[in-house]
Amino acid sequence: MAKITLDNIAHSYLSTPKDESDYALRLIDNIWDDGGAYALLGPSGCGKTTLLNIISGLLVPSKGRVLFDGKDVTNLPPEKRNIAQVFQFPVLYDTMTVFNNLAFPLKNRGFNKEDINKRVLEVAQILDLTDSLNKKAARLSADAKQKISLGRGLVREDVAAILFDEPLTVIDPHLKWQLRGKLKEVHEQLKLTFIYVTHDQVEALTFADQVIVMYEGAIVQIGTPQELFENPSHKFVGYFIGSPGMNFLPCKLNGNKAMINGIGIELDDKTADLGHKSHGNLELGIRPLYLEVHPQEVENSVPALVKSIEDQGTYKIITASLSGNILRARLPEGKETFSENAWLRFPKSWIRLFANDKLLTRP
Amino acid sequence: MDKWKDNKAWFLVLPVFLIVAFSAVIPLMTVVNYSIQDIFGPGQRVFVGTEWFKEVLSDVRLHEALWRQLLFSGLVLLIEMPLGILIALMMPKKGWGASISLVLIALPLLIPWNVIGTIWIIFTRPDIGLLGATINGLGIGFDHTASSLDAWVTLMLMEVWHWTPLVALLAYAGLRAIPEAYFQAAKIDGASTWATFWYIQLPKMRGVLTIALLLRFMDSFLIYAEPFVLTGGGPGNSTTFLSIYLVKVAVGQFDLGPAAAFSLVYFLIILLFSWLFYQVLQNVGKGETS
Amino acid sequence: MSLSMKNINLTVNEEIYLKDISLDFESGSTNIFLGRTLAGKTSLLRIMAGLDRPDSGRIFVNGKDVTGVSVRKRNISMVYQQFINYPSFTIYENIASPLKILGMDKTKIDRRVRQVAEMLHLESMLDRIPTELSGGQQQRCAIARALVKDSTLLLLDEPLVNLDYKLREELQIDLQDIFKQRDAIVVYTTTEPAEALKLGGNIAVLDKGRMIQTGVTSQVYHKPASIKVAEVFSDPPINLLSCSVDGASIKFGQNLTIPLKGHLSQLASGNYIAGIRSNHLYLNCQNQNDIKLETIVELAEINGSETFIHVDYGTTKLVVQEVGVYSRKIDSTIMIYLDPSNLFIFSESGSLILSPDNRSPEKLL
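Chains as they are written, first to last, in our numbering: chain A, 2 to 364; chain B, 10 to 299; chain C, 32 to 396.
Incorrect hints may appear among the rest.
Computed, partial: chain C to chain A, Cβ under 8 Å [claimed, not checked]:
no., residue
1, 166
2, 195
3, 200
4, 266
5, 268
6, 334
7, 358
8, 361
The list that follows gives simulated cross-link-like pairs (lysine-lysine, DSBU-like), each with its CA atoms no further than 35 Å apart [to be verified]:
no., chain 1, residue 1, chain 2, residue 2
9, B, 196, A, 64
10, A, 236, A, 271
11, C, 360, A, 119
12, C, 131, A, 317
13, A, 119, C, 348
14, A, 185, C, 323
15, A, 183, C, 254
16, A, 136, C, 254
17, B, 257, A, 81
18, B, 213, A, 114
19, A, 317, C, 348
20, A, 137, C, 348
21, C, 254, A, 185
22, B, 213, A, 119
23, A, 81, B, 196
24, C, 137, A, 183
Worth flagging that the hints you see were computed from the coordinates, not collected in a lab. Don't be surprised by glycine CBs; every beta carbon is placed ideally from N, CA and C.
Only chain A is shown next, with the shape it has when bound in the complex:
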């Protein structure tokens, strides 16, 4: 296991980059602790795979250094960095059995037969592959194959980190569920550093202790899933995390209220204070989960038009229009029926203000 430090990393795929937009990865300065489960989350093209390849050694960054436990490994290739990688599609040695696939990294490193045997059996047990050890690897299902890919990394007891590049891409949804749980279980057991790249926020948030949200080559926010959900530091994080994403309403302040086309939403003192001190375009953000919708008027609520209600199985999504702004809210599974009108209540503790796309918080 190793502490991974990214020291002022930046990367451009062009040989002579001129300005910021030529960089696939802008300034990254980051430390990853031993044994954590990290997710790099972001849309296609945000630089997460570039960053992963720099950590693994498949790519040498244009600028900056990569350190493993304080040692500069920037120019070392992957095999010298002691990392393992699981790819988007299963990468296996087709001609070998499952056992030999798992034993391969150890054979190449000169371990003796007994040690190899012991280690392979251990890892096979952790991954529930014990029954398949003698089968030809090529015949197994996609999720089993991915487990084998992971296993090849786990057999090496001195592995510094295991990197995952969107590993569940080719797995069926119902198996995705199991494999995800298995990955988390393995992490809990072995406490190795896992770095997981994905564009799927459900995968990232359930798997990681710390999520690094990336957008257009830069890190936008790092935090626990809960922090990202409750206090997104940037409008992008509010939008990208959560299904549906955060609601944003352009507003102006009037005393302790946020005014949306003449309709006032009450804020708590601290939030209002931050709003008054800020500059730039102000927006009120609230997550669909926290926005309350009532069929009749209740205290502190504002009227809105109901556009649609969709049954999502475990909950319903109600889309409403408040003064021309579209909002979405989550309704628990229940028997409430709504007519054309609904009353929305914005709980003060869950309102967030954003100025010029950035979250207003106490310093």
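Please arrange chains B and C on chain A, whose structure you already have, making use of the hints.
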């Protein structure tokens, strides 16, 4: 089923149908006709049934030619396949180097086959040929017109030079199709270059190599122009391969009957291998999981 | 337009791809085919399009038998998983291509192309070529090309599966609106229950080539006809517990016996399989009727606003889904609570007997 209803398609196919009929089917029928008759002259024919087949199949010289042919094809494959793979492994993967090396490799394939024979005759002449003179200058007596061994060596060199590029091109295509991730994973697993070749590249090239193998076997089994131009089948019979022998019988001796029977047997052998080829191709398609 | 498929069967190399499928479609309807990979969704779609012929069975359009008619003669559009566009045409030309083939005049083509491009937010990219666009934009171009023809049958084969999560969400909303405005029969295949629910409409659940349930999407969700349907149509997977009824009480596992109440009281004695969705299992007691299960925590997954706790109840694995962030230690013993009125009861052979929604027993299928 719709195709039966679509009459327009038949008109498009008709020209090809007619051409194939005239250039292949009818001549084939003619050969079959000759193979079961004894022809003394125009208008003088006697039906002899399977007699020619019996004669041909018991002809000692035919057996010799067949063994020579098999030996030749076997040796050729033994050299061409590994050499082709090696060349493919050494060719650059992308950029200008890739394009240039592809063109260079393909050059021998573009030369007409009898011209190749001619090139190599001159190339290996002990007096004026670059290779011939050099070797003789080193004190090694090398003359493909006199020594059977030298003739074989020359033929093999020529054949390998001519056709290894095909194997190389097919192997190259096969190698390019392997996703980069496999090599990355191998590096991460600490695999040596040999292990990477043996466990990743070779298995993944299975499909193209099978095609290359069968194509080369069939082609070398049919070989005619190059050895005919180079050695004419000599010295003696040492390089008289199957098709050369066939032509000798048919044209040289004007024994149309046995020649026709022989052609059919030859045709059936090739047909057998084509069928094998087809079967393997079908299974190769299925076997590819990944 | 109406489309009917009767007794469609397809066997390839001795493997049954489709068995005895019969479905009816009406204009202006959105129809989802839900199933795991290799369930037969794509095969069925191809037969509907006319790209393949079934071994037996017939297809009728407006009462006319079109089973043998080639795909070119049918008025259909299809969108694939891989973003398929003409690589050398601009986006404008790509979208216009079906109309050009139909011989429409230029001004009309222009109007239609721009209309559809606007619907899919492509107006600013009309003069670019597909390789210059992102995945999401390329797929939108493919969808635009399918929509511009105004065909009577619009087929989409997992069109969003290769796109980013967020993009998928947005397109699902856009597509919903687009489908509502059309008169065509829309058929959309997917492996994801959530996507099926978002798109609504009617659903046909497929499993190993067989159609195991059809109906209005949310209704099928709330009342799966069999365990198989419940399994295919749930994410997280539905929790299943074996139980047995003896007279007036029902027994779960080894030592939990409760009296039959509510909709369960109609059950005859025997062995059953009870099903309950993850979001109906709670970490805290919700009301008096709740029954308590003693379980051991295997894993806790938090996604920022919800917690999924995987527990072991004896030899059965269960998943609890709760809103809010809760942490529980692995290997600790926790109680989970469920209200028996939320239970599905299935027969041992898998068919639905009771569902929480209605109180009368289903006829055994």
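Right, here's what the structure says about each hint:
1. Taking 8 Å as the C-beta contact cut-off toward chain A, the hint placing residue 166/C at the interface holds, the least distance being around 6 Å.
2. Checking residue 195/C against chain A by beta carbon gives a least distance of about 4 Å; that is within 8 Å, so the hint holds.
3. Because the beta carbon of residue 200/C sits about 6 Å from the nearest beta carbon in chain A, less than 8 Å, this interface hint is met.
4. Look at residue 266/C: its Cβ gets to within about 6 Å of chain A, closer than 8 Å, so that hint holds up.
5. For residue 268/C, the interface hint holds, the least distance from its beta-carbon to any beta-carbon of chain A being 6 Å, beneath 8 Å.
6. For residue 334/C, the interface hint holds, the least distance from its beta-carbon to any beta-carbon of chain A being 4 Å, beneath 8 Å.
7. Here the hint on residue 358/C is broken, as its CB sits about 10 Å from the closest CB of chain A, past 8 Å.
8. Here the hint on residue 361/C is kept, as its CB sits about 6 Å from the closest CB of chain A, short of 8 Å.
9. Using a Cα cut-off of 35 Å, the hinted pair residue 196/B and residue 64/A holds, with the two alpha carbons roughly 24 Å apart.
10. Of the pairs offered as hints, the one joining residue 236/A and residue 271/A holds, with about 20 Å between alpha carbons and a cut-off of 35 Å not exceeded.
11. For the given pair, residue 360/C sits about 30 Å from residue 119/A by alpha-carbon distance, which is consistent with the 35 Å threshold.
12. Our distance criterion of 35 Å between C-alpha atoms is broken by residue 131/C and residue 317/A, whose separation comes to about 43 Å.
13. Between residue 119/A and residue 348/C the alpha-carbon distance is near 29 Å, which keeps this suggested pair within the 35 Å criterion.
14. Simply put, residue 185/A and residue 323/C have alpha-carbon atoms about 27 Å apart, close enough for the 35 Å limit, and the pair holds.
15. Taking the CA atoms of residue 183/A and residue 254/C, the gap is near 30 Å; set against the 35 Å cutoff, the hint holds.
16. In summary, the hint linking residue 136/A to residue 254/C is not supported, as the alpha carbons are separated by about 40 Å, beyond the 35 Å threshold.
17. The suggested pairing of residue 257/B with residue 81/A is violated, with an alpha-carbon distance near 66 Å, which exceeds 35 Å.
18. A hinted pair counts as satisfied when its Cα atoms are at most 35 Å apart, and residue 213/B with residue 114/A qualifies at roughly 28 Å.
19. Between residue 317/A and residue 348/C, the direct Cα distance comes to roughly 27 Å. Compliance with the 35 Å bound is thereby established for this hinted pair.
20. Of the pairs offered as hints, the one joining residue 137/A and residue 348/C holds, with about 29 Å between alpha carbons and a cut-off of 35 Å not exceeded.
21. The suggested pairing of residue 254/C with residue 185/A holds, with an alpha-carbon distance near 32 Å, which does not exceed 35 Å.
22. For the suggested pair residue 213/B and residue 119/A, the alpha carbons sit about 30 Å apart, so the restraint of at most 35 Å is met.
23. Distance check on the hinted pair: residue 81/A and residue 196/B sit about 9 Å apart at the alpha-carbon level, within 35 Å; holds.
24. Only pairs whose Cα atoms come within 35 Å are accepted, and residue 137/C paired with residue 183/A is rejected, the gap being roughly 57 Å.
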